[in-house]
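> Each chain, written out:
There are 2 protein chains.
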Amino acid sequence: MSAVRGRGMFVTLRDVARLAGVSIGTASKALNRGGKLSDETRERVIACADKLGFRPNDLAQSLHRGQSFTVGAISNDSFGRFSMPIMEGLEECLADRSMSVFMCNATDDPEREARHVESLLGKRVDGIVVTGRRADLRRPLELHASGLPVVYVYSQTDDPAASCLLPDDRGGAVLACAHLAGLGRRRIAHVTGPERFEAVRLRRAGFRAALASAGLVADDKLTLSGDWSEAWGRAALEQLFKPRRRAPDAIFCGNDQIARGVIDGLRERGITVPADVAVVGFDNWQIIAEACRPPLTTIDMNLKQLGREAGRRLIELIAGKKHAGVHRLPCSLVVRASCGALPHGGNS
Amino acid sequence: MSAVRGRGMFVTLRDVARLAGVSIGTASKALNRGGKLSDETRERVIACADKLGFRPNDLAQSLHRGQSFTVGAISNDSFGRFSMPIMEGLEECLADRSMSVFMCNATDDPEREARHVESLLGKRVDGIVVTGRRADLRRPLELHASGLPVVYVYSQTDDPAASCLLPDDRGGAVLACAHLAGLGRRRIAHVTGPERFEAVRLRRAGFRAALASAGLVADDKLTLSGDWSEAWGRAALEQLFKPRRRAPDAIFCGNDQIARGVIDGLRERGITVPADVAVVGFDNWQIIAEACRPPLTTIDMNLKQLGREAGRRLIELIAGKKHAGVHRLPCSLVVRASCGALPHGGNS
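As they're listed, the protein sequences go chains W and Y. Per my numbering, the very first residue in the first sequence carries number 1; after that it's consecutive. Per my numbering, the very first residue in the second sequence carries number 1; after that it's consecutive.
What the hints contain is simulated information worked out from the structure, not anything from laboratory work. Where hints are given, some of them may not hold.
Any copy will do: because identical chains look the same in the list, a pair fits if it lies in one copy or spans two.
Claimed, not checked - Pairs of lysine to aspartate or glutamate residues, derived as EDC-like cross-links and limited to a Cα-Cα distance of at most 20 Å, are as follows:
id	residue 1	residue 2
1	Lys29	Asp15
2	Lys321	Asp219
3	Lys51	Glu142
4	Lys304	Asp109
5	Lys51	Glu268
6	Lys51	Asp158
7	Lys51	Asp136
8	Lys242	Glu118
9	Lys36	Glu198
10	Lys36	Asp158
11	Lys51	Asp168
12	Lys304	Asp108
13	Lys51	Asp300
14	Lys51	Glu40
15	Lys29	Asp136
16	Lys322	Glu290
17	Lys304	Asp220
18	Lys36	Asp220
19	Lys221	Asp50
20	Lys221	Glu195
21	Lys242	Glu268
22	Lys242	Asp159
23	Lys304	Glu92
24	Lys51	Glu118
25	Lys322	Glu238
26	Lys29	Glu40
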């Protein structure tokens, strides 16, 4: 017998016991630090286990303890740019507690999702995290009354018993607009995405609240909805910079792509950012924000932290603690050069 | 007893047997379609199992069969833009075969990677897929002579016994440059990333080979290395469009970010794409390629397919088939408007 195992040929407790010249029960006690044994026997068993490369079998231990130390993560974002940092935070948080994550890509296909849930239940996961491409309402996960703990992150459901974690979109918009008002901007426009997104409605509410707090008026003619695209950012300038209309001195954009289009469009019109017009984005999508000329001040949803917090809550649910309802985590302002708070080219 | 289980309270085979009024052995035979049983008994057991929501326990079956139907995926890309489509393809391929994927983020930290490997071995995974942020050589995974099947994808190691899957960077560059030559471009420049990347060296080799095939000369003054950034793309134009030097009529860029910088820079110099200069990128990073003005013709590394193929190979290795060495999968040309093969704004 050797410590090398081929596929399906694990070193077993039986192998360790045989090498140490003890019974399987004694070997088990020695390795689990239990029972009454002489130090000499315990040490001999441990030495034999090390020599053979014996690894306590998680599967067998799972059966024994009724906990598998695995969780499932179901994403509908095809592991895209929103779910990636969330998954990263989740995985880090759980790995710190020796828990492993099964990744399941459901791509908004309810049948595929149901198959993943079946498979996760069969694998006796201790809990499930659900994440999505957008934070809008979804139907609850169908768990067949299994009672399995679930956390929704960057995703929510209308089951009042569900635990949902979201970024504070409204608060993020308040940060962005308070920054603009604090830098002395007085005529702030808002160019944002499609109305049907809850995030659009919440960010607009934050925009209005921040302007009201600063004693400014949110002009409806300066609040424009379109696509989440650079092209829309450029197109919106047509309406904001009409002749014989007072132009804005700042634009709060619904995401970084819109902001990039706005900044490119302004430059092409000979309008200087930030001297003439300050621009703030939303997402802190580094590849876009840093490539803007000047680099873009924007709001970070702290998605990795959101993922870590989802892991923390799932662990608490597994331990029997209750969480319910929608909880929103704060966003942060990332200051670069597009608002004049830093010299051109500066980076916070 | 009820079909509802709380945490740790699974419906067991014993529960099913009790409800059906048979022994555990009989219940097991009935559910596993084995042994000699009357149809009536078999059907009664199956009906009881359904009623209770009994789910055959994967963990117990794993112990029995010596296969866990789980694999580990270790990424050093923090689940970034290269590893995500790979993971997506891998997960799809394995889910089709009822195998689940543990995601492990090692972020280039050897200790973290070692802990993940320990944990995966403890979970008795059937195999491991390793992926990275770049396709350059890495040390082999430390598997303690476990004999566990491993596939490296978008990642390679110099162990000749290892199975490595990579995109055909050289072939992708040939596609790009043959496209330019085929459209009648004669003076083709190459603006690319840092020398230390294998991908840079392979793509340049493809560039040279394609030009030679077309009877063109690869002018060393028109081959420039810098960062993987838009800023470098713009800066490279300073050297390509010096006064009193014959300007290129096409630029093959090492990635899409460089191409975006090149296209923006050309527009700002009053040079028209594609009429004056055709541009091709590399990566088909949609968010960048589609936002270019005009939209960018580029090379797609087919990463999702690469992930599917990694899954297929891992399954073959698990089944005992041998694979070794580096295998490269073809790239594709994605035609948009930046080379003149399509009208401006067109998309393939």
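> Now, for every hint given, state plainly whether the structure supports it.
Evaluation of the provided hints:
1. Lys29 to Asp15: The answer is within: 15 Å in one copy meets 20 Å, while 30 Å across copies does not.
2. Lys321 to Asp219: Neither way: lysine 321 and aspartate 219 sit 47 Å apart in one copy and 68 Å across, limit 20 Å.
3. Lys51 to Glu142: Between. Shortest inter-copy distance 17 Å satisfies the 20 Å Cα cut-off; intra-copy 47 Å does not.
4. Lys304 to Asp109: between (25 Å within a copy, 18 Å between copies)
5. Lys51 to Glu268: For lysine 51 and glutamate 268, neither the intra-copy (71 Å) nor the inter-copy (68 Å) Cα distance is at most 20 Å.
6. Lys51 to Asp158: For lysine 51 and aspartate 158, the Cα distance exceeds 20 Å both inside one copy (54 Å) and across copies (28 Å).
7. Lys51 to Asp136: neither (54 Å within a copy, 35 Å between copies)
8. Lys242 to Glu118: Cα proximity of lysine 242 and glutamate 118: none, with 57 Å in one copy and 64 Å across.
9. Lys36 to Glu198: For lysine 36 and glutamate 198, the Cα distance exceeds 20 Å both inside one copy (62 Å) and across copies (59 Å).
10. Lys36 to Asp158: neither (54 Å within a copy, 49 Å between copies)
11. Lys51 to Asp168: Neither, since 53 Å and 43 Å both go past 20 Å.
12. Lys304 to Asp108: between (22 Å within a copy, 18 Å between copies)
13. Lys51 to Asp300: neither (50 Å within a copy, 48 Å between copies)
14. Lys51 to Glu40: within (16 Å within a copy, 53 Å between copies)
15. Lys29 to Asp136: Neither way: lysine 29 and aspartate 136 sit 52 Å apart in one copy and 47 Å across, limit 20 Å.
16. Lys322 to Glu290: For lysine 322 and glutamate 290, neither the intra-copy (41 Å) nor the inter-copy (46 Å) Cα distance is at most 20 Å.
17. Lys304 to Asp220: neither (35 Å within a copy, 44 Å between copies)
18. Lys36 to Asp220: For lysine 36 and aspartate 220, neither the intra-copy (79 Å) nor the inter-copy (78 Å) Cα distance is at most 20 Å.
19. Lys221 to Asp50: neither (73 Å within a copy, 61 Å between copies)
20. Lys221 to Glu195: within (16 Å within a copy, 51 Å between copies)
21. Lys242 to Glu268: within (15 Å within a copy, 24 Å between copies)
22. Lys242 to Asp159: Result: close neither inside a copy nor across copies, 47 Å intra and 65 Å inter.
23. Lys304 to Glu92: within (9 Å within a copy, 24 Å between copies)
24. Lys51 to Glu118: between (39 Å within a copy, 16 Å between copies)
25. Lys322 to Glu238: Close neither inside one copy (51 Å) nor across copies (62 Å); limit 20 Å.
26. Lys29 to Glu40: Within one copy, since 13 Å is at most 20 Å while 45 Å is not.
Hint violations for this structure: numbers 2, 5, 6, 7, 8, 9, 10, 11, 13, 15, 16, 17, 18, 19, 22, 25, all remaining hints satisfied.
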